[in-house]
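Protein chains in written order, with numbering that gives the first Met the number 0: chain H, 0 to 219; chain V, 0 to 131.
Here are some, though not all, of the chain V residues that point toward chain H, as calculated from beta-carbon distances under 8 Å: (1) D19; (2) L23; (3) S111.
These aren't lab readings, by the way, just hints derived from the structure by calculation. Note that the structure is predicted; figures quoted are calculated from it, not measured. In this text, a Cβ means the ideal position worked out from N, Cα and C, and glycines have one as well.
Chain by chain, the residues run as shown.
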Amino acid sequence: MAPVKNGDREWLEQRALNVIGHELRTPASTVRGLSEVFAAGVDPAERPELADALVRNARRLEGLVDDLLTATAVWPALPVGNASRVDLVGHVVLGWPERDGLSIDGAGAARARTSSISRIIGAVLDNARAYGKRPLTVSIATRGGRVQTAFDSPGPVLPDEDVRLALEPFWRGERAVTSSPGLGLGLTVARVLADHEGGRLWVEARPGGGLVTHLELPAA
Amino acid sequence: MSGQGYRPDLRIVIADDEPDVLALLDAQFSMRPGFEVVGLATNGEEAVEEARAKLPDAVVMDLLMPDVNGFEGIAALQEAFPAMGVVAYTGVAGTFVREEMGSRNVEVVLKSGNLNPLAEAVERSVHSAAAH
Numbered sequence: 000m001a002p003v004k005n006g007d008r009e010w011l012e013q014r015a016l017n018v019i020g021h022e023l024r025t026p027a028s029t030v031r032g033l034s035e036v037f038a039a040g041v042d043p044a045e046r047p048e049l050a051d052a053l054v055r056n057a058r059r060l061e062g063l064v065d066d067l068l069t070a071t072a073v074w075p076a077l078p079v080g081n082a083s084r085v086d087l088v089g090h091v092v093l094g095w096p097e098r099d100g101l102s103i104d105g106a107g108a109a110r111a112r113t114s115s116i117s118r119i120i121g122a123v124l125d126n127a128r129a130y131g132k133r134p135l136t137v138s139i140a141t142r143g144g145r146v147q148t149a150f151d152s153p154g155p156v157l158p159d160e161d162v163r164l165a166l167e168p169f170w171r172g173e174r175a176v177t178s179s180p181g182l183g184l185g186l187t188v189a190r191v192l193a194d195h196e197g198g199r200l201w202v203e204a205r206p207g208g209g210l211v212t213h214l215e216l217p218a219a
Numbered sequence: 000m001s002g003q004g005y006r007p008d009l010r011i012v013i014a015d016d017e018p019d020v021l022a023l024l025d026a027q028f029s030m031r032p033g034f035e036v037v038g039l040a041t042n043g044e045e046a047v048e049e050a051r052a053k054l055p056d057a058v059v060m061d062l063l064m065p066d067v068n069g070f071e072g073i074a075a076l077q078e079a080f081p082a083m084g085v086v087a088y089t090g091v092a093g094t095f096v097r098e099e100m101g102s103r104n105v106e107v108v109l110k111s112g113n114l115n116p117l118a119e120a121v122e123r124s125v126h127s128a129a130a131h
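Build the full structure now, drawing on both the sequences and the hints.
What follows is the structure, encoded as structure tokens:
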């Protein structure tokens with residue numbers, strides 16, 4: 000994957016400001032507004048949809064802050080705790096509750112923090128779900144003390160730029176901010192956490208269209 | 000109701016692709032004297048349809064929405080209903096947004112949990128539209 004160019008950096012910084020402004024301001028203002036609605040005397044029990052919205056937006060806000068901190072790769076924000084044996088097939092299955100559209104080939108276990116693996120695999124699956132077609136094929140194999148996982152997600156032929164910048168924060172490909180909520184940090188967070196666990200994550204264009212995301216971790 | 004100083008509620012349509020934002024604004028405007036929410040929409044096209052059906056005094060329009068966005072929705076509204084007030088309600092307002100809305104004489108309000116700036120802008124938009 001080619002490095003980020005100077006022009007990309009400027010563009011991404013501008014994009015970051017826009018995306019952060021939009022994606023953080025909306026839940027933050029919703030939490031404030033709903034809190035004040037309840038403070039003004041509205042009974043949450045009588046307006047459960049507003050109470051649900053308050054909880055949902057507070058959680059969304061917390062998740063966005065967590066993603067922002069993790070994506071910066073500043074170590075105090077990264078997961079703590081001891082590594083353990085983590086079954087990769089189990090995490091893939093957990094992260095794909097749909098009844099079909101997923102094919103798993105092979106098996107393997109990594110030595111890593113469970114919370115990191117859950118977020119890495121969740122982010123890769125979310126990306127495949129949002130941008131790819133079915134089926135998603137996940138291949139797992141262990142070689143030389145490393146467990147290799149490939150997420151093969153068919154889809155449209157991607158512009159070189161989309162592949163080159165896929166792991167950059169705030170890059171969201173051709174999907175505009177208007178298409179779906181989120182900061183565009185999922186794969187960035189996955190890459191940072193893979194590094195944190197002693198592994199690495201990278202992407203390449205899939206022959207015929209789509210994206211292959213590779214995850215390499217220390218084997219258990 | 001009659002009497003000096005009586006002013007009918009301002010009837011408004013709100014467009015935003017975030018259901019929680021719609022629910023919040025609906026609740027806030029409903030609690031605020033002088034306003035009546037008569038329609039909700041999730042993109043620019045629905046906003047125009049609601050405006051056509053309900054003929055509100057003003058439309059509050061988010062700008063970043065899927066399908067028909069707020070920029071397109073505002074252009075369509077101003078063409079079809081030049082005497083209707085419009086306010087752009089958005090999370091971010093860069094140079095393009097400010098210039099584009101300025102050229103259309105549409106006030107931009109940044110999203111906030113505080114309803115006052117938006118409510119006041121809606122009132123101004125109605126008065127401004129009526130004056131033209």
